[in-house]
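Number of protein chains: 2
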Amino acid sequence: MSGILSIAGLGPGGEALITPEVAAALAEATDVIGYIPYVARVAPREGLVLHPSDNRVELDRAALALRLAAEGRRVVVVSSGDPGVFAMAAAVFEALEAGPSHWRDLDIRVLPGITAMLAASARAGAPLGHDFCAINLSDNLKPWTLIEKRLRLAVEADFAMAFYNPRSKSRPEGFTRALALLQEACGDARPMLFARAVSTPEEELRIVPLDRATPDMADMRTMVILGSSQTRIIERPGGALLYTPRSVACV
Amino acid sequence: MSGILSIAGLGPGGEALITPEVAAALAEATDVIGYIPYVARVAPREGLVLHPSDNRVELDRAALALRLAAEGRRVVVVSSGDPGVFAMAAAVFEALEAGPSHWRDLDIRVLPGITAMLAASARAGAPLGHDFCAINLSDNLKPWTLIEKRLRLAVEADFAMAFYNPRSKSRPEGFTRALALLQEACGDARPMLFARAVSTPEEELRIVPLDRATPDMADMRTMVILGSSQTRIIERPGGALLYTPRSVACV
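Those sequence lines, one after another, are chains U and R.
All residue numbers in the first sequence are consecutive under the numbering used here, ending with 241.
All residue numbers in the second sequence are consecutive under the numbering used here, ending with 241.
Source of the hints: derived by calculation from the structure; they are not laboratory data.
Among the hints, a few may not be true.
Claimed, not checked - If you only want the chain U side, here are some residues facing chain R, beta carbon under 10 Å, derived:
hint, residue
1, Gly1
2, Gly4
3, Ile8
4, Ala77
5, Asp97
6, Ile98
7, Arg99
8, Val100
9, Ala114
10, Ala124
11, Asn130
12, Thr234
13, Pro235
Said to hold, decoys possible - Quick list of the computed label-pair ranges, beta carbon to beta carbon:
hint, chain 1, residue 1, chain 2, residue 2, range
14, U, Lys139, R, Asp206, 31 to 37 Å
15, R, Ala239, U, Pro199, 34 to 40 Å
16, R, Leu131, U, Lys139, 28 to 34 Å
For every residue, glycine included, the Cβ atom is placed at its ideal position computed from N, Cα and C.
Bound-form chain U, shown alone (with noise of 0.2 Å):
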C-alpha cells in the first residue's frame, strides 16, 4: 500500500474559501494532523483519525505526518490560509531533510490556500495591488534585528506590507516596537488595515491613518496591511476602500 502526504491550505475560515482540491483531499484521508483549532475545522467521519496537537510542535507534527505517510496511510496536514506562507509545509521539508531517506520516495502534494493577507486585502478593496512584502513579525524563529533591518528596507523600496503573526501574548512588545519604526520611517499617514478573523463570523476590519494606530489593535488572529505610499482610500456610503493604484508616475 502506498501513502500519500498532503499539506493542505484551508483558507482564512469561511467554508466557501476552501479549495475543492483540498475539500477532495481531506474527503480521501485516513488521518488529519494540525494545530488544534485547524483540524478542528474538519469534520469527524468513520475512518478518519484526527491528531490535533498544540502550538510550536510544528517538526514533532511533521514527523508524525511522513512517519504515518510512510506506513501507506493518505495523510493531511492542515494549515490556516496557504501552507506555504508561515505555515506547515516548510516544517514538513525541514523535517523531511532531517529524517530517514526512505522519507524521499513518499508522494507528497502541497495543496494551496487562500492565505490571510489575500483574504485580507479582498475585503478591504486591493491594498495589495501593486508591489507588495509579507513579514512575519514572531521572532520566535528569527532575531528580532532582522524583521527591524527588513522592515526598514521595505519602507525605503515603498512596499505595501502585510504583517502576519502581529502580536501574542508570550510577544506583547514587538508588534509596539514595529509599528514605532514604521511611524518613525514613514513619517507619513499612510493608511494601515486591521483585519481580524476574516470570513468568520467574528470578522473585524479597521482601517486607521498609520500615525494613529496603536499596538492593542492587533491579536494573533489578526492581519495586518500597511499601505506603500500610494494606497488610498475611497469613501463610501457603505464603507470606505482601501486600494494601491497600479501605476506609480515617477519616483
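Guided by the hints, dock chain R onto chain U, whose structure is given.
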C-alpha cells in the same frame, strides 16, 4: 433591481483551484467581463453575457463593469489568480474613484483566488515559507528605475522574491536586465524557479541555480520565484523539492 459587482479570482487555471465562493458568483452572474483568455474559462449558458476584451484596456473594462452593475446587472469581473494581486481589483477601484459619485453606492465585492506565486510555490515545495516580496516586472505602469531599486532592496532584505509578468514579446529586454542585476547583487547560486502554466496541461517546472538562469527561461505564462540566501533543495527520486526554512539563526 439592485446590481452587484464581484471582482473574482479564477486561480491559476485548474478547475479544482476555483473557490466555491467564486463558482457561486459565476453561477448567478448575468455578465462576465475580463481579458479574453480568462473569460474563455467561463462556460457559456442561457442568460449569461460574456464580455471578453483585449489586454491593456483594464480601465475601459472596469468602467463597463461599473456601468452594468449600476444598471442592476449581476456582474463578475474575472482575473486569473487573485484579483487583488497585479490584476483587475485595483483597476476597478481606479475607475470607481474617477467615476460618477453614484457608483460609490454599488455593492462591490472582491472574491480572492489562488494567486500564481502560491500555486507555483506549492508545486515546487515551499520557497515562500519565510519572508518574501512580490514584484511586477512589467514597466508599463511604473518606471524601470523603480523596479531596479526594489530588486536591490529586496536582495539586501534577503527576501525570497516572486516575479509576476517577467517577460513579454513587447518587453523582451526587461527580464534580461533584471536577471543580470540579481546575478550581480546576489553573487551566488541560490535556486530560481521557473513555473509555467501551473495547474494546466502545459505545466512545466524548472529549478536552476541563479548564476545559470537565462532570460529565455521565462515568458508571460511563467511565474519566476527566486529563493533567499537560505532557500534549499531536497533531491528526491520523484523530483527536487525547493523550500525556504522557517528559521534564520543569525544575520
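These are the hints, each one checked on the structure:
| no. | hint | verdict |
| --- | --- | --- |
| 1 | Gly1 | 8 Å, holds |
| 2 | Gly4 | 8 Å, holds |
| 3 | Ile8 | 7 Å, holds |
| 4 | Ala77 | 8 Å, holds |
| 5 | Asp97 | 7 Å, holds |
| 6 | Ile98 | 7 Å, holds |
| 7 | Arg99 | 8 Å, holds |
| 8 | Val100 | 4 Å, holds |
| 9 | Ala114 | 8 Å, holds |
| 10 | Ala124 | 6 Å, holds |
| 11 | Asn130 | 9 Å, holds |
| 12 | Thr234 | 6 Å, holds |
| 13 | Pro235 | 6 Å, holds |
| 14 | Lys139(U) <-> Asp206(R): 31 to 37 Å | 35 Å, holds |
| 15 | Ala239(R) <-> Pro199(U): 34 to 40 Å | 37 Å, holds |
| 16 | Leu131(R) <-> Lys139(U): 28 to 34 Å | 29 Å, holds |
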